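Colleague: So the chains spell out like this:
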Amino acid sequence: EAQVTQNPRYLITVTGKKLTVTCSQNMNHEYMSWYRQDPGLGLRQIYYSMNVEVTDKGDVPEGYKVSRKEKRNFPLILESPSPNQTSLYFCASSHRGGGLSSGANVLTFGAGSRLTVL
Amino acid sequence: AQSVTQPDIHITVSEGASLELRCNYSYGATPYLFWYVQSPGQGLQLLLKYFSGDTLVQGIKGFEAEFKRSQSSFNLRKPSVHWSDAAEYFCAVGDNFNKFYFGSGTKLNVKP
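Sequence lines, in order, name chains Y and A.
Sequential numbering of the first sequence, starting at 1, is according to the numbering used here.
Sequential numbering of the second sequence, starting at 1001, is according to the numbering used here.
So that you can see chain Y by itself, here it is in the shape it has in the complex (with noise of 0.2 Å):
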């Protein structure tokens, strides 16, 4: 089944303790990305990554990291969470076509990662 897969999908955790919650997909997607979803605001872009080694910011990225090792992983560093990180986060990934095809560009989400830092 094509599908990305967020772990752990529930954390709780105190602030300055370093996590990483990792997303995986299966579709052999080139371009993968974080959001975290607040009330209210509705989803916003952590990071994104073009494919393997290209990596770059969204809307907010202050206080997280990304990498991009392998096509089909995009794990997301917390060094130091804070309660201001207390979110619900979700990995997506998709095709990058040449222009915007059927396919291309449309975003498959993970079931996400509810996280809270005390």
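Think of the hints as simulated: they come from the structure by calculation, not from any bench.
These numbers were taken from a predicted model, which means no experiment stands behind them.
Hints should not be assumed to be uniformly reliable.
Said to hold, decoys possible - So, partial list: chain A residues that the calculated Cβ filter (under 8 Å) puts toward chain Y:
#1 Y1032
#2 Q1042
#3 L1044
#4 G1053
#5 G1094
#6 K1099
#7 F1102
#8 S1104
#9 K1107
Said to hold, decoys possible - Derived lysine to aspartate or glutamate pairs resembling DMTMM-like cross-links, with alpha carbons at most 20 Å apart:
#10 A:K1107 with Y:D38
#11 Y:K57 with A:D1085
#12 A:K1049 with A:E1015
#13 A:K1099 with Y:E79
#14 A:K1061 with Y:E53
#15 A:K1061 with A:E1015
#16 A:K1111 with A:E1020
#17 A:K1099 with Y:D38
#18 A:K1099 with Y:E62
#19 Y:K65 with Y:E79
#20 A:K1099 with Y:D59
#21 A:K1099 with Y:E30
From the three backbone atoms N, C-alpha and C, an ideal C-beta is built for every residue, glycine too.
With chain Y held as given, fit chain A onto it using these hints.
Modeller: Same frame as chain Y, but now just chain A:
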């Protein structure tokens, strides 16, 4: 700057009634427009997309949306709502640089 506005935070409709969810965007070029649905505890699922061509697009689950350039709108419609349509709906704009901008969402409640 690109932005997406969904003016209705909550909407309640009766089962069988028609539905229209509003979406307005601000974007400097031809937008790529999407509607996603999020069921409780789930990720987002694509309902439909507009890239170019016919301004009325059909999606899954009986949804459709119409792109109106003059009004910068991409409203989602369904002629007859089912109880299973209760969810949160997000409008999104994508650009050529793989950035996506989402609205704040509209929560749909369906009355029996």
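Colleague: Quick check: which numbered hints come out false for this structure?
Modeller: 4, 9, 11, 12, 13, 14
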